[in-house]
Amino acid sequence: MSAGQAVNAGFKNVSVYLEGEPAWSKAGNPLHAGYGFICRGNNVIVDLRSIEKAAASRIPRSVSMPFDTLEDVMDEIPMKAPVVIFGDNEEQSLAALKLFKEEGYKKVSLVEGGYYGWKRLGGALIKGPVVTEVTWKRVLAPGEVTVADFKMAIEDPSKAVILDVRTNDEISVGKLETSKHIPLDQLCSRMDEFFATIKGVTKEQVIYIHCTTGARAEMAYKELKKNGYINTKFLMAEVSCEQNDCDIDE
Amino acid sequence: MKKTITKLVPFLVVTAFFLSGYAQAIGKTTSAVEPTAAIKEKATESVYKGRVVGKSNKAKTISIQVGKGAKAQTIMVKFDENTKGTEYATKGHGVIISYEQQGKDLYARSIKPKLSKMPKGVTGIKTAKLKAMIDSGKDFVLVDSRPSTRYGQGHLPGAISIPVCEMQELIGLLPTRHPEFPIVFYCGGPT
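Those protein sequences? They're chains A and B, same order as listed.
In terms of numbering that gives the first Met the number 0, the first sequence opens at residue 0 and continues consecutively.
In terms of numbering that gives the first Met the number 0, the second sequence opens at residue 0 and continues consecutively.
Same shape as in the complex, but just chain B:
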């Protein structure tokens, strides 16, 4: 049991890293206050960004994990036929959910996929080209940024393991004296 948890820790940490700081709900308060309206319930619409950890079409609920490190927590939101983009809520994928509070429940109004942004100075590469590079035996460094347990379970041919959290310490594994050397990073897909 303890072993399982320790194995899981890097995974959670990495996940949290990717979600960097999305715990904060972007407070967009739409309090329709009309002077004459006697009692009007304040409806707050906010946003959660995180990774889907569960979805049930029967119960019409989605669980997402938000926040990083010790602050990481799982949040359950409900959805219905009026919710837009429920198809993007796939387990393991990153999503941005606009929700509103109704009583104690949270209702998703719209769900959008969270796309990874490419850092400046970095180009994208597709499966076919990467495969051609691997098959041709071309000299380049292929880096698996996933947690080392995931690397162990199966990695792309020839890849080395540098989990994203350890990049700072392990950057020396890259050919730092040859800045022109091609380096390709990959992870567990759009999260």
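In isolation and in its complexed conformation, chain A is listed as follows:
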């Protein structure tokens, strides 16, 4: 552990904040975004200042959401998106942070010192007509299949074997017509036996796993990969089925 190394290096006044960043945020305290993350992170950068100020000079990629209108427009930002906010000053950013937190956004950070803090740092600035549309797309995690690819496999079963790992109760309400089903809790004990029942399946088979949210699918993905099914992917999306009809919502 780092603190131990610091003690070994001779430091006499070393403390550890064990609860760490999660406790800090939970108590309503702000986090500051790093320079590189502001420049090119997979995030939504929100400019809280007036449209006039934003048009004159702003942080590249930022979306204009003046503080007065924030409550009405913030729902255009996907809930899962990391949000970086900056305003005329830290107070404005902190007030906006509170609104975002109340709305349920979990990954919100501030540009230290707001617009002027960024400028003082020598950060890049652009001008011109403001952007109000949020175009953020989540970057896929390793092993994740895109919703588009998943839907394509529903249409064309030759693309992949779709594996449904929900419970028997959930299946009884509905499932994809072409999917194979094994509840997650039986996957470990019956994996090879189960795959042997699907004609022509090898360890190279492309397999897309889904459940209702993606949580179980991810767990199943790790198990399959560990067991040598190298072309397995999982779907991180809301899936709700009724008979043979499933809605897939990102």
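Please note: incorrect hints may appear among the correct ones.
Claimed, not checked - Distance condition first, Cα-Cα at most 25 Å in a straight line; then the derived BS3-like pairs of lysine-lysine: (1) A:K25 with B:K128; (2) B:K54 with B:K111; (3) B:K57 with A:K79; (4) B:K128 with A:K97; (5) A:K179 with B:K57; (6) B:K128 with A:K106; (7) A:K198 with A:K158; (8) B:K59 with A:K225; (9) B:K70 with A:K224; (10) A:K25 with B:K137; (11) B:K125 with B:K137; (12) B:K130 with A:K100; (13) B:K77 with A:K224; (14) A:K202 with B:K103; (15) B:K128 with A:K11; (16) A:K11 with B:K125; (17) A:K52 with A:K97; (18) B:K77 with A:K179.
To be verified - Per the computed footprint, the stretches of chain B lying under chain A, defined by three or more beta-carbons under 8 Å from a beta-carbon of chain A, are: (19) 101-110; (20) 125-131; (21) 169-177.
Claimed, not checked - Ranges of calculated distance between the beta carbons of each label pair, as one might list FRET restraints: (22) B:G157 with A:T134: 27 to 37 Å; (23) A:K105 with B:N56: 13 to 23 Å; (24) A:K100 with B:R176: 38 to 48 Å; (25) B:I170 with A:K25: 25 to 35 Å.
In short, the hints are calculated from the structure, not lab data.
From the three backbone atoms N, C-alpha and C, an ideal C-beta is built for every residue, glycine too.
With the hints as your guide, set chain B onto chain A.
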């Protein structure tokens, strides 16, 4: 895709570092062998220590990541109403799971939280005190030990980034000529 993986590597390495070497299951074999018992299945009870990477109440399974570096692997254990301490199995938290093998399945018998141990000569600090130190503008070094990508996404005001794996190389960033200078470390909470 490749980029994502490279970004993830430090995270995995750090995680593995924290879990330092818990891949080994502490073999506590309870083989109740009675001379007269004809066929009695050998029940082995062992322990896994690692970080919870997934939990499903519907499927009643918990996935934990154990081991470090290239040896890191994810293990799935089942639980039921007899399993003690399932409330401690929260995604991202460190746990110690006593399990037993039943056929090909692993069953968790009890789950305990894994608490970080404070190294010798180090004191703890709570949110309120740290906040007061930051707000007062007091001179001290605040070190974020998480991977640099996590630091980028959001760090405590004024913190510098020294990921735990790079501590050896970057220790020079600390005021080594002033050993009395206060230094506070933090990371992603109890893992």
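Inset, instruction - Please work out if A:K25 and B:K128 have their alpha carbons no farther apart than 25 Å. - result: holds (15 Å)
Legend entry - Given hint A:K158 paired with A:K198 - CA-CA distance at most 25 Å: With Cα atoms ~15 Å apart, A:K198 and A:K158 stay inside 25 Å; holds.
Inset, instruction - Kindly confirm whether 27 to 37 Å is satisfied by the beta carbon distance between B:G157 and A:T134. - result: holds (32 Å)
Legend entry - Consistency of beta-carbon spacing, A:K25 to B:I170, with hint 25 to 35 Å: holds (30 Å)
Inset, instruction - Below or equal to 25 Å on CA atoms is what counts here, so check B:K77 against A:K224. - result: holds (19 Å)
Legend entry - Distance restraint hint 13 to 23 Å, applied to the beta-carbon atoms of A:K105 and B:N56: holds (21 Å)
Legend entry - Restraint status (C-alpha distance of B:K128 to A:K97 at most 25 Å): Given that 25 Å is the threshold and the Cα spacing comes to 22 Å, the pair holds.
Legend entry - Agreement of A:K25 and B:K137 with the hint, judged by alpha carbon distance not exceeding 25 Å: holds (23 Å)
Legend entry - Pair hint B:K128 and A:K11, alpha-carbon separation not exceeding 25 Å: Holds, because 19 Å separates the two Cα atoms, which is no more than 25 Å.
Inset, instruction - Indicate whether the distance between the beta carbons of A:K100 and B:R176 respects the range 38 to 48 Å. - result: holds (41 Å)
Inset, instruction - With a cut-off of 25 Å on the C-alpha distance, tell me whether B:K59 and A:K225 pass. - result: Distance ~20 Å between B:K59 and A:K225 Cα, so the pair holds.
Legend entry - Restraint check for B:K70 with A:K224, where alpha carbons must lie at most 25 Å apart: holds (14 Å)
Checked against the numbered hints above, the structure violates none of them.
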